Amino acid sequence: MGTQAPTSGAGADHWTAEAYSASAAFVPRLTQKILHYLDPQPTDRVLDIGCGDGKFTANFVDRVEYVLGLDASKGMIEAAKRDFARGNAEYRTVDCRYLDQELQGGSVASATWDKVDPTTRVAVLQAIHGCLKPNGSFIFEMGGHGNVPEVHAAIIAALVHQGVKIEAARQVMPWFFPSETWMRKTLEGIGFRVERLEMEYRPTKLTTDEKGGIEGWVRLMGASPLEALDEGKREDAVREPIYTSSKNHI
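If you read the sequence shown in the numbering used here, its first letter stands for residue 1, the second for the next number, and so on.
Hints listed in this document are in silico derivations from the structure and should not be mistaken for laboratory results.
Below, computed lysine-lysine pairings styled on DSS-like, alpha-carbon distance capped at 27 Å: (1) K133 - K33; (2) K55 - K81; (3) K55 - K74; (4) K211 - K233; (5) K211 - K81; (6) K211 - K55; (7) K133 - K185.
Here the structure is a predicted model, which means the values were calculated and not measured.
All chains, please: the whole structure from these sequences, using the hints.
Pasting the structure below:
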């Protein structure tokens, strides 16, 4: 890369492989459809954006020519390097908002995107488009319109209960779950040829780990908005009874 890109977002790095395993271990198990669409081939060079701890990457790293896994979390990249190091795989701590055009040449890219900064959402997709070689493929999964509405509303309510003004609580929520129409129009406007775009209703059972469940999930996935509170109030917000309806599923 020509210049050193920022390696993390504006907030602290809340992600660890241990916390992810306790609260979101189900995620790698729900990616088989994405892996099917990815259809990894021996000549593929894969750019895995948001690779996390590398557990999804491990599904195809031995079946392709090369993988570059990127994640904004230093802790998650360290876990990927530790557990899934291969001669044909490289893992770097890079915030996807700062993808460099020098990362061109991939035949397939996979990504998660629903927590990208609203001011750079389209720019990230444009950068991904620029990273693909001619006829390369971009396959990605994210939360769609209407995703986890109860938890989304509950986190905002918990912030308000702890003294944050409702307008500010809404502003600090980083999640964005677009409609199919928005996503298709945006991708085609950038220059992608959309071959498949689908919404899937997928109620998901949360982990039963003592550090998981809905509280563990909120601590991890909601860490960014919880930063709006003083540190001493964050655990009170996590334990709000308003999460009861989502105790076992999201």
